[in-house]
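Peer 1: Residue numbers (the working numbering), protein chains in the order written: chain A, -2 to 564; chain B, 113 to 214.
Since the hints were derived computationally from the structure, they do not count as laboratory data.
Yeah, the Cβ is synthetic: ideal placement off N, Cα and C, and Gly gets one too.
Here are a few chain B residues that face chain A, going by a calculated C-beta distance under 8 angstroms:
#, residue
1, Ser176
2, Ile179
3, Glu200
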Amino acid sequence: MKQANQAALRLVATLAFVAGFSASAFAQSTDDLKNDEKTPADVLVYGMGYSGQRYSPLTQINKDNVSKLVPLWGHALTDNRGAEAFPIVKDGVIYTTIHSATVAIDALTGRQIWRTTHEYPPETLRVVCCGVVNRGAAIYEGKIIRALMDNHIIALDAKTGKEVWKAKSPDPTSVENGYAMTGAPLVANGVVVVGVAGAEYSHRGFLEGYDAETGKHLWRTYNIPGKGEKGVDTWKGETHLVGGGSSWVTGTYDPDLDLVYWGTGNPSPWNPRTREGDALWTNSIIALRPKTGEHVWAYQMTPADPFDYDGVHTPMRATLNIEGQPRKVVMQANRGGFLYVLDATNGKLLAANAYGKVTWADGIDLKTGRPKWTQVYHDALAGKNVTVWPSVSGLTNWQHMSFNPGTGLLYINTLHIGMTYEAPEPQAMTPGKPSGPGSVKRTTVLEDPNVRGYLKAVDPMTGKSKWEAPYRSPNWSSTLSTASNLVFTGVMTGEFQALDADTGKLLWSFQTPSGILGQPVTWERNGKQYVTVMSGIGGVYALRAGDPNLANVPAGASIWTFGLFDK
Amino acid sequence: MTRSRSSVFFGLKSAAIGIMLAAATVCPVGAACEFPVVKQAIDIMLDQDAERAAKFRREVAAGSDSIAVMEALVSPEMAKKIDVCRFETAEYLTKRGFPPFH
Chain A
-2 MKQANQAALR LVATLAFVAG FSASAFAQST DDLKNDEKTP ADVLVYGMGY SGQRYSPLTQ
58 INKDNVSKLV PLWGHALTDN RGAEAFPIVK DGVIYTTIHS ATVAIDALTG RQIWRTTHEY
118 PPETLRVVCC GVVNRGAAIY EGKIIRALMD NHIIALDAKT GKEVWKAKSP DPTSVENGYA
178 MTGAPLVANG VVVVGVAGAE YSHRGFLEGY DAETGKHLWR TYNIPGKGEK GVDTWKGETH
238 LVGGGSSWVT GTYDPDLDLV YWGTGNPSPW NPRTREGDAL WTNSIIALRP KTGEHVWAYQ
298 MTPADPFDYD GVHTPMRATL NIEGQPRKVV MQANRGGFLY VLDATNGKLL AANAYGKVTW
358 ADGIDLKTGR PKWTQVYHDA LAGKNVTVWP SVSGLTNWQH MSFNPGTGLL YINTLHIGMT
418 YEAPEPQAMT PGKPSGPGSV KRTTVLEDPN VRGYLKAVDP MTGKSKWEAP YRSPNWSSTL
478 STASNLVFTG VMTGEFQALD ADTGKLLWSF QTPSGILGQP VTWERNGKQY VTVMSGIGGV
538 YALRAGDPNL ANVPAGASIW TFGLFDK
Chain B
113 MTRSRSSVFF GLKSAAIGIM LAAATVCPVG AACEFPVVKQ AIDIMLDQDA ERAAKFRREV
173 AAGSDSIAVM EALVSPEMAK KIDVCRFETA EYLTKRGFPP FH
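Hey, can you work out the whole structure from these sequences and the hints?
Peer 2: In structure tokens form, the structure reads like this:
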């Protein structure tokens, strides 16, 4: 009897240990997320760490052996929409998303562990301007947390895919009022921070915080000031209530400063002739406290924007040596064509240089932080027909750049497309009403139809390229940099590529089944380095650019993992 | 005197259905997309109505958004249907060679 009791106690102790181990293996605490960049075996935070640098210290795959990279598995995601998500990798499991499902996959075999589908009302698509997509999830304390297109946030058990909590963004967030959610959440200091899309449908953009454990809505901070708030005088009458300024691309976080950095989108409507003033804080970088949503500082890149130059590109954190001193900065390759470097503590502008062809401004005044507008810009505001570079798609769009601290360079997929532009007599706006492309006239201008984009290696402080690799169509994939001085990226016609970070020379390419808009990541398991990316054409450029180079690219979302051939 | 739980349930259910029907009637945004109807209207205009097709092509070539031009050239009822099917219409106009730019 005594022996039986002892055996039972041992069993209980063993079960408790296993349960504890299992829980800790799945727990991704705030500290784990902070240390993501120091633990390259896993990929826990959007952008491969809170800095958003998309840089890995892994070097097993290098310039000498990258030609031996082979696909180890491909996994069909059973969807024909754009595959733009950032894959999370934790303990041998890859978690990824499409608009209608979240999937857990065995990282070494490609076999599905679980798949949770998500439904949304069909009318949701009406306010999805730029592709039926989702850009990924966050992981926190054993939960996979993502946004749904119809403005819900959902947390799933990482082991089973079962719902842990689900929250609806409070009113007036609705499809009827022009809101949708396509971006990945960012968990910062225990708070799920999410943004919204919809500036093309006369909404009023914001950021929100939810308790990561319970899904409780904690705060909402509008990106556009309300009545009585500082900056509301940069809007005419009540137009701030339908003024756009969405937040559809994920930001970054500095745990030491406890600041989240997030970019905001275009003012609504695109047509500037209904607006008066700078339209704060559209096209801006905002620094805020994740626990409360309190604005700490903001900087507007494109005041009174007529050209849809969203400032949503992820503000990347780094420490740069400036005038002999290490300085914490945030960097943004802005859609308007300037590369901004700001002091991360206070938003002071440190550098702003064009990284491609720009004709609407001659530069940015470092003292005032304002553009040095050209006659092109003034004529556009006056309703004249002008030719302007870049086009509404931007010099880059949402596709993320990466930073290699070793080379000191940013690797940016850019567009080389201009436009004619004319803003006719505008119409009044109401919430939910289209306020984007239909409010202006535009045609595409190309210098060379066979070069619509470049992958550029850019000095952040000068905007100058060390090298530029031309592409027939612009790459909508993000880039990934490694300490072995490789740059990985995808091509809209499906090639997944590795280039020499020092020279831009193409070192390796593999044809995936569809176009790549995905975000490559690299990770390690059992001493071996892997690279993972999603393939699946869709998104705004494929849908709306009319690029003839993409006419024969088949749809179909899949995820691929590559490793060195070692058999 | 109390109502049974089932009669309360059916009463609430009827009220909810009534509210949903009313909302669907007054709220075109919440209406379902009838894309076959929209597609047919687009095809008829572009392929069988030379005058309106020429105007459509001319305005789109001059830089106007293809969805906005299409909405302006059809009846108000069809323009509402296009608005509800905005995304599907964009996809189809792109296939027909008139991508609504962004």
